[in-house]
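Student: Top line first, the protein sequences correspond to chains A and B. Numbering of the first sequence is given in the working numbering, commencing with residue 229 and proceeding in unit increments. Numbering of the second sequence is given in the working numbering, commencing with residue 229 and proceeding in unit increments.
Any given hint could be a false lead.
Pairs count within a copy or across copies, as identical chains cannot be separated in the list.
[As the list claims (entries may be wrong)] Straight-line Cα separation of at most 20 Å, DMTMM-like style, residue types lysine to aspartate or glutamate; simulated pairs:
| # | residue 1 | residue 2 |
| --- | --- | --- |
| 1 | 280 | 601 |
| 2 | 494 | 265 |
| 3 | 278 | 557 |
| 4 | 278 | 561 |
| 5 | 494 | 559 |
| 6 | 280 | 541 |
| 7 | 278 | 433 |
| 8 | 355 | 582 |
| 9 | 280 | 559 |
| 10 | 230 | 479 |
| 11 | 230 | 483 |
| 12 | 494 | 601 |
| 13 | 253 | 265 |
| 14 | 278 | 518 |
| 15 | 319 | 333 |
| 16 | 280 | 564 |
Keep in mind the hints are simulated off the structure, nothing from the lab.
There are 2 protein chains.
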Amino acid sequence: MKITTNQAEKIAGFKFAAGASGIRKSGRLDLALIYSEVPARCAGVFTTNKIKAAPLQLTEPRVAEGLCQAVLVNSGNANACTGAPGLRDAKRCSELAAAALQIPENYLAVSSTGVIGAPLPMDSFEKHIPLLAQNLTSDAADAVSQAIMTTDSFAKLASCRGEVAKAPYRLLGVAKGAGMIHPNMATMLGFVLTDAQVEPALLQEALRRAVDNSFNIITVDGDTSTNDMVLLLANGAAGNREICSGTAEGERFVEELTGVLLELAKMIVRDGEGATKLARIRILGAASDEDAKKAAVSVATSSLVKTAFFGEDANWGRIIAAVGYSGAEVDSEKVEIRFDDVPVVCQGISTGQELEEKATEVLKQAEFTVTVDLALGDASADYYTSDLTYEYVKINADYRT
Amino acid sequence: MKITTNQAEKIAGFKFAAGASGIRKSGRLDLALIYSEVPARCAGVFTTNKIKAAPLQLTEPRVAEGLCQAVLVNSGNANACTGAPGLRDAKRCSELAAAALQIPENYLAVSSTGVIGAPLPMDSFEKHIPLLAQNLTSDAADAVSQAIMTTDSFAKLASCRGEVAKAPYRLLGVAKGAGMIHPNMATMLGFVLTDAQVEPALLQEALRRAVDNSFNIITVDGDTSTNDMVLLLANGAAGNREICSGTAEGERFVEELTGVLLELAKMIVRDGEGATKLARIRILGAASDEDAKKAAVSVATSSLVKTAFFGEDANWGRIIAAVGYSGAEVDSEKVEIRFDDVPVVCQGISTGQELEEKATEVLKQAEFTVTVDLALGDASADYYTSDLTYEYVKINADYRT
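Can you build the whole structure from these sequences, using the hints too?
Tutor: Quick look at the structure:
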């Protein structure tokens with residue numbers, strides 16, 4: 229399985245358009261449309277935040293019906309905490325797009341990301357949404373990936389090819405997110421398209437499993453948002469034999485999907501607001517899966533650990549402290565910690581100055597792995613995190629000004 | 229009840245000494261001794277971190293016995309994750325102090341704070357601990373408050389007077405902590421002394437209740453440490469009638485103790501690493517006490533909320549999002565949010581630009597209250613937090629260098 233990044237390939241039966249509606253300053257792309265020539269089977273995963281933005285209130289039940297033909301997304305405005313008028317606006321967006329595309333309105337998914345609490349610029353949208361429908365082309369996936377950016381510093385696109393009984397198919401995903409990133413679908417949007425023919429039951433299962441092993445194991449700042457969604461659309465244009473759950477082909481499809489989403493997820497962490505490092509936190513030897521996860525999350529979200537990464541300081545004391553307060557079972561005399569392959573803690577105590585200096589060299593890299601072996605059992609977990617920098621504070625103190 | 233801060237009053241039957249052992253650079257005070265002329269009844273609260281530093285392993289069981297006559301504290305070195313040698317060092321510190329003071333060793337509490345994983349400088353301690361015992365005086369509580377500082381920018385001392393049947397008594401507390409501050413006793417030390425005669429059962433109950441409403445409702449960065457402890461010593465030198473649990477006097481004692489600890493706790497948040505703001509997060513109208521607490525913690529620990537405070541941005545969207553992912557029951561159409569007395573959200577939506585500008589003025593103050601009324605029930609909770617600043621990142625990226 230080979231994942232290609234930031235290369236906008238065509239994908240059979242899908243078209244794209246993006247435009248600048250004026251929400252974002254200086255004519256940036258801020259409105260995008262993804263369209264499938266035929267109604268696609270779809271699956272979705274949505275924020276766990278109890279405050280759900282208007283577009284999610286509208287889209288979630290539609291996606292649950294299983295068919296989707298177009299996705300309308302805007303950046304710059306989340307249409308969240310906007311009450312009944314916000315829901316009317318989301319509905320109007322979907323009406324405008326459905327009318328322009330001449331498709332049933334309930335085949336339309338809408339999605340928004342940006343500032344909370346402000347009304348959508350409907351006057352502008354009345355004009356710009358129909359324009360998108362006129363400008364659909366098969367080679368504009370990259371424009372969509374740009375239009376959904378908010379504080380992202382680069383667009384995020386990943387793809388992969390698969391095959392069923394010699395019939396080739398493709399997977400293409402775009403995502404956005406750079407802050408408010410945390411498991412359970414923190415402010416991030418992801419749209420994944422495939423021209424494969426996929427059994428509806430597998431589609432939802434595949435998306436859930438892939439998200440759990442990609443977007444749900446990354447953190448930038450621990451905040452989850454009101455607007456997150458990941459949609460998977462499968463339009464069958466590749467003409468392959470249907471891929472079904474419980475088969476080798478089905479498992480391969482899940483792996484490919486996970487591969488695409490994990491690549492997008494890692495791009496999100498690399499682009500974490502102000503981030504200069506991508507660290508994989510790997511817990512080994514935990515007493516249970518739950519413990520492994522708890523310990524990984526605790527280390528990955530510790531502000532002290534994240535600032536130490538920024539300072540390129542192999543401060544394992546903060547890591548062991550974060551494991552200690554995670555709630556996971558720990559025996560302080562068994563813990564081992566490595567930075568890449570350099571051991572800094574063995575049986576709970578320091579391996580000495582020389583190895584710590586070597587570990588500091590590891591931290592000078594842009595990407596590295598911190599392994600904590602609890603030596604209590606067989607469970608393990610991975611988690612990806614960024615460092616916490618001056619720039620993070622600057623971006624988030626200034627965001628609306 | 230009047231709480232006095234940063235004024236080192238004498239307290240009957242207690243003596244203090246502080247010295248510079250050389251752990252900290254430039255001759256800063258880093259070693260301190262608190263001594264009671266008679267064995268004092270004592271109570272303690274210790275870190276919930278599963279990785280417990282050596283001094284805690286030694287002190288916790290001793291405090292559980294109920295009597296304590298002296299506390300030896302050092303800053304600059306936590307003696308944590310130091311294995312069997314670390315425990316031997318902690319034991320040796322206690323032997324040295326007990327011998328110098330000529331008291332039973334099990335009446336000695338030891339406490340350390342600072343860098344994790346390095347051995348204590350025992351050569352220096354062999355010389356300096358006996359010196360402390362020679363220099364005890366009744367008016368050096370402020371020197372103790374200075375000697376326990378690590379990244380603290382100011383010393384923290386608070387006191388209060390009480391009375392039982394016309395017999396006056398005093399409460400005097402010192403604390404340290406500026407980072408790794410979070411509920412459940414994050415890297416902070418607190419030592420509270422009273423000359424009152426207090427029933428042993430009340431002593432532990434009072435400390436638990438007071439800590440729950442002071443040190444356990446503050447957060448700076450969400451990290452809890454391996455070394456936290458709060459000790460309460462009551463030596464009875466005031467000669468009052470014993471204060472007992474379940475009496476009006478007992479309740480008053482708990483209130484006074486809570487007042488002293490809350491004042492120390494707020495000083496810790498004000499001194500939060502890099503902090504420029506002290507914000508009280510007040511949740512009202514929650515469906516349950518647990519929900520109120522969850523929502524308060526979630527808002528108080530959100531990096532996005534804390535950076536918005538730093539940016540003096542009345543970004544209520546981040547607050548409502550943090551409530552939404554807290555796990556507390558929320559009805560987005562009922563939520564009200566105020567900055568001091570300025571309403572910015574009513575029934576889940578913005579109250580408009582003008583009030584938001586007024587709220588921005590509130591955020592320009594050094595201290596303010598953010599109230600979130602969930603309008604679902606009667607439960608409430610308070611939480612104190614700081615802003616997240618460039619300086620926080622700087623301090624923690626550079627701490628060991």
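Student: Each of the hints needs a verdict: does it hold here or not?
Tutor: Consistency of the hints with the structure:
1. 280 <-> 601: So residue 280 and residue 601 pass the 20 Å test across copies only (18 Å; inside, 38 Å).
2. 494 <-> 265: neither (31 Å within a copy, 61 Å between copies)
3. 278 <-> 557: The answer is between: 8 Å across copies meets 20 Å, while 30 Å in one copy does not.
4. 278 <-> 561: between (41 Å within a copy, 12 Å between copies)
5. 494 <-> 559: This pair counts as neither: shortest intra-copy Cα distance 31 Å, inter-copy 34 Å.
6. 280 <-> 541: For residue 280 and residue 541, neither the intra-copy (39 Å) nor the inter-copy (22 Å) Cα distance is at most 20 Å.
7. 278 <-> 433: neither (23 Å within a copy, 37 Å between copies)
8. 355 <-> 582: neither (65 Å within a copy, 30 Å between copies)
9. 280 <-> 559: Close across copies (10 Å), not inside one copy (41 Å); limit 20 Å.
10. 230 <-> 479: For residue 230 and residue 479, the Cα distance is within 20 Å only inside one copy (16 Å; across copies 68 Å).
11. 230 <-> 483: This pair counts as within: shortest intra-copy Cα distance 11 Å, inter-copy 65 Å.
12. 494 <-> 601: neither (23 Å within a copy, 37 Å between copies)
13. 253 <-> 265: Cα proximity of residue 253 and residue 265: none, with 32 Å in one copy and 71 Å across.
14. 278 <-> 518: between (24 Å within a copy, 16 Å between copies)
15. 319 <-> 333: Classified as within: same-chain Cα gap 9 Å, cross-chain 74 Å, threshold 20 Å.
16. 280 <-> 564: Only across copies: residue 280 and residue 564 sit 16 Å apart there, 42 Å inside one copy, limit 20 Å.
In the structure shown, a violation is registered for the earlier hints numbered 2, 5, 6, 7, 8, 12 and 13, in ascending order.
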